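Participant: Those sequence lines, one after another, are chains A, B and C. For the first sequence, the residue numbers in my numbering are 146 to 508. For the second sequence, the residue numbers in my numbering are 23 to 303. For the third sequence, the residue numbers in my numbering are 26 to 299.
Because the hints were derived from the structure by calculation, they are not lab data. All values derive from a computational prediction rather than experimental measurement. A portion of the hints provided could be inaccurate.
Below, a sample of chain A positions facing chain B; criterion: calculated Cβ distance under 8 Å [claimed, not checked]:
(1) Gly237
(2) Phe240
(3) Phe246
(4) His248
(5) Gly258
(6) Trp495
What follows is a list of derived Cβ distance ranges for each label pair [said to hold, decoys possible]:
(7) C:Pro180 - B:Arg124: 45 to 53 Å
(8) C:Gln101 - B:Leu63: 34 to 42 Å
(9) B:Trp163 - A:Asp242: 51 to 59 Å
(10) B:Ala162 - C:Gly244: 24 to 32 Å
(11) B:Leu160 - C:His205: 32 to 40 Å
(12) B:Trp88 - C:Ser173: 55 to 63 Å
(13) C:Leu206 - B:Thr285: 33 to 41 Å
(14) A:Thr265 - B:Gly193: 31 to 39 Å
Ideal Cβ positions, reconstructed from N, Cα and C, are used throughout, including at glycine.
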Amino acid sequence: MTDIDETPAGLRDRGLPGEGLDARLVVDRGIFRLDVALTAAPGDVVALLGPNGAGKTTALRALAGLVPLTGGHLCLDGAALDRTPPEARPVGVVFQDYLLFPHLSALDNVAFGPRCRGATKAEARAQAAGWLARMGLTGHAGAKPRRLSGGQAQRVALARALATRPRLLLLDEPLAALDARTRLEVRAQLRRHLAEFEAVAVLVTHDPLDAMVLADRLVVVEHGRVVQEGTPSDIARRPRTDYVAQLVGLNLYRGQADGHTVRLEAGPALTITEDLSGPVFVAFPPGAVTLHRDRPTGSSARNLWRCEVAGLETHGDQIRADLTGTLPLTADLTTVAAAELGLHPGAVVWAAVKAAQTHAYPA
Amino acid sequence: MTEVDRARTVVPESGARRARALGGVPLPLLLPALVGLAFLLLPLLALLIRAPWRSLPQQLTSAEVWQALQLSLVSATAATAVSLVLGVPLAWLLARTDFPGRGLVRALVTLPLVLPPVVGGVALLLALGRGGVVGQWLDAWFGITLPFTTAGVVVAEAFVAMPFLVISVEGTLRAADPRYEEAATTLGASRFTAFRRVTLPLIAPGIAAGAVLAWARALGEFGATITFAGNFPGRTQTMPLAVYLALQNDPAAAIALSLVLLTVSIAVLAGLRDRWMTAST
Amino acid sequence: MTRSARRTRTLRTAAAGAVALLALGACSSSSSDGSSSSGPDSSASSSPRPSGTVTVFAAASLKESFTTLGKEFERQHPGTEVAFNFGGSDTLAASITAGAPADVFAAASARTMATVTDGKDAAGTPVAFARNQLEIATLPGNPDRISSLKDLTKPGLKVVLCDKAVPCGAAAQKALGASHLELTPVSYEQDVRSALTKVELKEADAAVVYKTDVKAAGGRVQGVEFPESAEALNDYSITLLKNAPNAAAAKAFVELVTSAEGQQVLTRAGFLKP
Numbered sequence: 146m147t148d149i150d151e152t153p154a155g156l157r158d159r160g161l162p163g164e165g166l167d168a169r170l171v172v173d174r175g176i177f178r179l180d181v182a183l184t185a186a187p188g189d190v191v192a193l194l195g196p197n198g199a200g201k202t203t204a205l206r207a208l209a210g211l212v213p214l215t216g217g218h219l220c221l222d223g224a225a226l227d228r229t230p231p232e233a234r235p236v237g238v239v240f241q242d243y244l245l246f247p248h249l250s251a252l253d254n255v256a257f258g259p260r261c262r263g264a265t266k267a268e269a270r271a272q273a274a275g276w277l278a279r280m281g282l283t284g285h286a287g288a289k290p291r292r293l294s295g296g297q298a299q300r301v302a303l304a305r306a307l308a309t310r311p312r313l314l315l316l317d318e319p320l321a322a323l324d325a326r327t328r329l330e331v332r333a334q335l336r337r338h339l340a341e342f343e344a345v346a347v348l349v350t351h352d353p354l355d356a357m358v359l360a361d362r363l364v365v366v367e368h369g370r371v372v373q374e375g376t377p378s379d380i381a382r383r384p385r386t387d388y389v390a391q392l393v394g395l396n397l398y399r400g401q402a403d404g405h406t407v408r409l410e411a412g413p414a415l416t417i418t419e420d421l422s423g424p425v426f427v428a429f430p431p432g433a434v435t436l437h438r439d440r441p442t443g444s445s446a447r448n449l450w451r452c453e454v455a456g457l458e459t460h461g462d463q464i465r466a467d468l469t470g471t472l473p474l475t476a477d478l479t480t481v482a483a484a485e486l487g488l489h490p491g492a493v494v495w496a497a498v499k500a501a502q503t504h505a506y507p508a
Numbered sequence: 023m024t025e026v027d028r029a030r031t032v033v034p035e036s037g038a039r040r041a042r043a044l045g046g047v048p049l050p051l052l053l054p055a056l057v058g059l060a061f062l063l064l065p066l067l068a069l070l071i072r073a074p075w076r077s078l079p080q081q082l083t084s085a086e087v088w089q090a091l092q093l094s095l096v097s098a099t100a101a102t103a104v105s106l107v108l109g110v111p112l113a114w115l116l117a118r119t120d121f122p123g124r125g126l127v128r129a130l131v132t133l134p135l136v137l138p139p140v141v142g143g144v145a146l147l148l149a150l151g152r153g154g155v156v157g158q159w160l161d162a163w164f165g166i167t168l169p170f171t172t173a174g175v176v177v178a179e180a181f182v183a184m185p186f187l188v189i190s191v192e193g194t195l196r197a198a199d200p201r202y203e204e205a206a207t208t209l210g211a212s213r214f215t216a217f218r219r220v221t222l223p224l225i226a227p228g229i230a231a232g233a234v235l236a237w238a239r240a241l242g243e244f245g246a247t248i249t250f251a252g253n254f255p256g257r258t259q260t261m262p263l264a265v266y267l268a269l270q271n272d273p274a275a276a277i278a279l280s281l282v283l284l285t286v287s288i289a290v291l292a293g294l295r296d297r298w299m300t301a302s303t
Numbered sequence: 026m027t028r029s030a031r032r033t034r035t036l037r038t039a040a041a042g043a044v045a046l047l048a049l050g051a052c053s054s055s056s057s058d059g060s061s062s063s064g065p066d067s068s069a070s071s072s073p074r075p076s077g078t079v080t081v082f083a084a085a086s087l088k089e090s091f092t093t094l095g096k097e098f099e100r101q102h103p104g105t106e107v108a109f110n111f112g113g114s115d116t117l118a119a120s121i122t123a124g125a126p127a128d129v130f131a132a133a134s135a136r137t138m139a140t141v142t143d144g145k146d147a148a149g150t151p152v153a154f155a156r157n158q159l160e161i162a163t164l165p166g167n168p169d170r171i172s173s174l175k176d177l178t179k180p181g182l183k184v185v186l187c188d189k190a191v192p193c194g195a196a197a198q199k200a201l202g203a204s205h206l207e208l209t210p211v212s213y214e215q216d217v218r219s220a221l222t223k224v225e226l227k228e229a230d231a232a233v234v235y236k237t238d239v240k241a242a243g244g245r246v247q248g249v250e251f252p253e254s255a256e257a258l259n260d261y262s263i264t265l266l267k268n269a270p271n272a273a274a275a276k277a278f279v280e281l282v283t284s285a286e287g288q289q290v291l292t293r294a295g296f297l298k299p
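Same shape as in the complex, but just chain A:
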């Protein structure tokens, strides 16, 4: 599948030359330095994914003009925005907790942008009513924000940001303020609205599911740097950092490949199906690990290690075991299997992974 290997350059080819977002955001903040390059074509939804404190929100604020750039550049549809104040940028923002103006009705919140950009009061309100209708919120036009549910508030915030007809839509943790049940529904709606949006959308999230569902492309940021970018499926299959591996739920190791054997940096060697040489990543899901009380004899698995159980937790309808020993790894097993093995912290087990269930790729 070639679409896995979509590069930023390849993406840009989809739009007209000069259209879309082309930015390198450098923000120096004493000990913290953000240096992130972002490109996107109109219609793209890019997710900035990263742990707390990675600089995602700073990047978003820099795009909006709320934080000045100390270096780099910012071009949108061919126009440099580096020195443009936030109010003059064609950028719409959906803030983390929406920041709907509490003294204004939903309608007036949405009409605020058009009004500030020169529309008459009547025009602005008519536009706002249209946006609310598209969001299915006509019945709540007169409601003050505190009377809206979380999902409704999120849609009003989206309508407010879209009403200025931005060429760049920024969403800061758009679903973080919602409870689990509303989240599912709102995520689906947001996906639909983002799919309809014709310009560039950048969303910031620490939730891999939100990122995978909403975005066409993920940019993983750690410590102010881009550590990996690609399509959701690419990222999910080929994580390149421990953080990403943890997000997508894979065991990830780095090592030197020589044919079908990889000498891991962590210690032991691992057999793979691919034929590679040089530095590689090896990944396999926790479900691919089988555990045995005694060393299995005649097993087809050539990857076998003696481990000790460090911790156990429920993970969905399974048990996830954290193992230490020759190779630290996580394994998923059924509750029944866990009971039969008599797993408890401190217990010694043998862990096996079939070569066919590993996935190795150049580092």
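Mind docking chains B and C on chain A? Use the hints.
Facilitator: For chains B and C alone, coordinates are given in the frame of chain A:
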């Protein structure tokens, strides 16, 4: 139980806003609270007890009393308006911007709070008087002299009252989320529009509270007013001045005047509280 | 050069005015420090040797001369201390009738002294010891060429008077009434010092104050005498108070004030003989 009963009769109840009955209030809080309340109310009570009720109607029909009262209300309101126009932007500057020496500026702004008002009056004379640092130019260029005029009363009262407003509004601004202003700018609002259409309505309760404080302070202002604006009936003689001078040789009249001032201010403050200040809680 | 010199002088004048006002504020609030330290022998009334603290409530206009006399008294009677409470005569009289512990009361008008004698708070009959005469205080050099009370009614002139409620204001009204003059001031000040300050700060062109105040202000104002002031002389009287904690020393202080030596000090300050 008797403690509680007494408390019930003293503390005004305000319906739904009362969090809970006084039954569960711990004694170490209740006792000093009641002593504090008595301490504040006793002098006012004494004023009522010793008031010359029989001659009161006659005292109150004098034209001078109404003149002074009217002047007091007008000038205190004007001083509050001046404080609002100048004080709210100043509070915004202190709360929302960062400039070298901001801490010092804030301290200077609150200085009129600790300055004896009489000294404030002298300082105003030195600044805005006929021969003052700025006043001499006001006189020379525009023919404006502030001392001995009603405008002078407003200036003196605003000088003393504005810090109350600035402190109150700055506190509210600090408590208000500055990201609302950011949200407004991303929607295309200039910083001023963001202030006017978002911040101002958000901090309206704080501004109202500050304005009420400032108004009350201006209404009771004596030292700075009499020093800067002098004392002339109908022009610069406000109620506190009338009270003070009546006190010199006719204490009964002074008490009568004080009662009028008290009644009017209680009426106004209670009215405002119900209309505005409830929104702040 | 001249410009900066003038500015310095203005500032100095202003500062002096500020100090005068501050002093006024201070003395009217400090009531009776030292009254408690009046010595255990104060009740021995027959004792001829004064000792301990004498508390004197005196009209604000007496500040300079009485302070001088107080020092003199302490020199003459070692072991004594004179504590003063200077203020408006009315305020002082009111606090005496309300029970403030004082030995001596010196009032600036017969009316305020009457408050104390009517309240049966005086011991014996008050003695008149000085008179104060009104004078017009003008800006230094008298730029408006004021030479009479009538000149104060000139249009455009900013004149301040004391309020009718205080003795200097009552006296000024008496003088104006005697000469059938209508004078509308820009302000009726709460006391004579405030009236004087307005001229010192050049906010007013003239004020009607006491001769003693003009003298105390030194070169910051210029005095203009006017004949009608004879119609409105203020009689200063002094009395021992009935509940005096230190009657013996108080008596000695009253004697000093009425003595030839005391009169000399008062005359030097601008007072007239009674």
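Participant: Does each hint fit the structure? Answer for all of them.
Facilitator: Against the structure, the hints come out as follows:
1. Gly237: Holds - the Cβ of A:Gly237 comes within 8 Å of chain B, reaching about 7 Å at its closest.
2. Phe240: holds (6 Å)
3. Phe246: holds (6 Å)
4. His248: Holds, about 4 Å.
5. Gly258: holds (4 Å)
6. Trp495: violated (54 Å)
7. C:Pro180 - B:Arg124: 45 to 53 Å: Given range 45 to 53 Å: holds, Cβ gap about 50 Å.
8. C:Gln101 - B:Leu63: 34 to 42 Å: With a Cβ separation near 51 Å, C:Gln101 and B:Leu63 fall outside 34 to 42 Å, so the hint is violated.
9. B:Trp163 - A:Asp242: 51 to 59 Å: holds (53 Å)
10. B:Ala162 - C:Gly244: 24 to 32 Å: The hint (24 to 32 Å, Cβ to Cβ) holds, given that B:Ala162 and C:Gly244 are roughly 26 Å apart.
11. B:Leu160 - C:His205: 32 to 40 Å: holds (37 Å)
12. B:Trp88 - C:Ser173: 55 to 63 Å: violated (37 Å)
13. C:Leu206 - B:Thr285: 33 to 41 Å: holds (39 Å)
14. A:Thr265 - B:Gly193: 31 to 39 Å: holds (37 Å)
Comparing the model with each numbered hint stated earlier shows that hints 6, 8 and 12 do not hold.
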